[in-house]
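Participant: Protein sequence lines, in the order shown, are assigned to chains C and Z.
As numbered in our numbering, the first sequence has no gaps in its residue numbers, which increase by one up to the final residue, 795.
As numbered in our numbering, the second sequence has no gaps in its residue numbers, which increase by one up to the final residue, 270.
No lab work stands behind these hints: they were computed from the structure.
Be careful, since some hints might not be right.
Stated by the list, open to error - The calculated label-pair distances, taken between Cβ atoms and stated as ranges, are:
# : chain 1 : residue 1 : chain 2 : residue 2 : range
1 : C       : 771       : Z       : 180       : 35 to 45 angstroms
2 : C       : 672       : Z       : 222       : 52 to 62 angstroms
3 : Z       : 237       : C       : 729       : 28 to 38 angstroms
4 : C       : 546       : Z       : 92        : 28 to 38 angstroms
5 : Z       : 225       : C       : 623       : 21 to 31 angstroms
6 : C       : 771       : Z       : 256       : 30 to 40 angstroms
7 : Z       : 177       : C       : 648       : 49 to 59 angstroms
8 : Z       : 225       : C       : 789       : 43 to 53 angstroms
Built from N, CA and C at the ideal position, the CB exists for glycine as well.
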Amino acid sequence: MKYTYYPGCTIGTTAVEFGLSTDAICEALGVELVELEDWNCCGASSAHSLDHELALRLPARNIALAQEAGLDIVAPCPACYQHVLQADMELRQNEVWRREMEALLGFTYTGRPRARHLLEVLTEPEVLERIRQKVTRPLTGLKVASYYGCVLVRPPEFTGWDDPEHPMRMDVLMEALGAEPVPWSYKVDCCGASLSLSRSAVVVTLSTRLAKEAQEAGADVIACACGMCQINLDTRQALEQKIPVLYFTELMGVALGLPQAKKWFGKHMVDPTPVLGKFLASG
Amino acid sequence: MTPTPIDLSFSLTVQKRSGEPLLRCYFCQKCSAGCPVAYAMDYKPAQVIRLVQLGRKETVLSSSAIWLCVGCEACGTRCPNHIRLAPMFDTLRYMALEEGYKPDPMVYALHRSFLDSIRLWGRVHELSMLMEYKLRSRDLFSDLGMGVGLILKGKISFIPERIRGLADIRRLYSERREESAHPSAEEAQR
């Protein structure tokens, strides 16, 4: 199992624990991630907000770089994933544009590497089986609200690997880790995303509602799959009793008994240790 | 009150550029109901489509709604007529900028700073991007506490990562076909 890995800009900075936990669990599970050499930013929300052409062009360069290896491109960030998907669809369907990009970037489009999200790849049946076998510290009794956010499973015309209104793959993964996924109605409600700085009040409202609803559903923690979701929920939930927000990969690391997990917790604003400390492997 | 001028070609232009069949909308308002930011918009998503259909260009292009859509795709996923509103909102922002309407200063400042950062390094460097954003938006002091918190957690790096293929990035930014800045939206319409 080998993939071209497109980490994206947040993985080394605001989502550093997402990157570290992804590296660690993939190694433990024998999923080989080969980082895409010299990758660039996908343009995130800003490119498509101001410049449609640029929003397709920036990810097209990453697709160009991934052609030679021919492996599927795995991204941990839903925005990166989404933008690579869109550019790939454009390269596939729009021949005029494809020729233009091939000339501009000096590559030949083979159409072989497909964009996949990390959650999609790690919840394939055979990987789930490996996970079940390797869990040494099952998260017994831990109630998890799986939060998918917006563009991870939407629009379904692009993604298509889970239900866009009621996705289940993260819930199934949590169950494989021994945790108890709680049903709740806010799995795919947006956190406010890129309005975080420019309209922080909106993000406070949305993130607080998400955190509150997760608590009301009985969750001890929220599991998420996006750097933007995590930082918005972690820093903007205006609640007296705050709920920890973890990347699904961190919870995997804990259940797989990886000692590094303690370090990842140190990167959180809402400390997960009171809830998760008892599951941590010593070391 | 002076009546808002009506632009009869507006709906067709937006439909063509966004590639979305906006004239199919029969105003069920499912989009407005599910939109997480509708509460903060001056016109709700369904109202924006209706205003587009009616040719109320000036009202739409000067609205706050077009700058608040975050592109979460809830509306597009739920629309019974398979209209994705996110590309419509994108198109409306492009048109507002091209025609000199004033953008939401904060939202625009953030996106501009972000794109400048990519042009400069090939990847986003948060610290310098945020500094540019603060200067552009003239909002110097909000969220400083959070910023310091993130720096203390080692989540904001001081040194930018510069990619080797910056020449590619510059070309992607600057070398455009003259006939159309957005060929793909038109391709999609064909």
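Participant: Among all the numbered hints in the text so far, which are the ones the structure does not match?
Facilitator: 1, 2, 4, 5, 6 and 8
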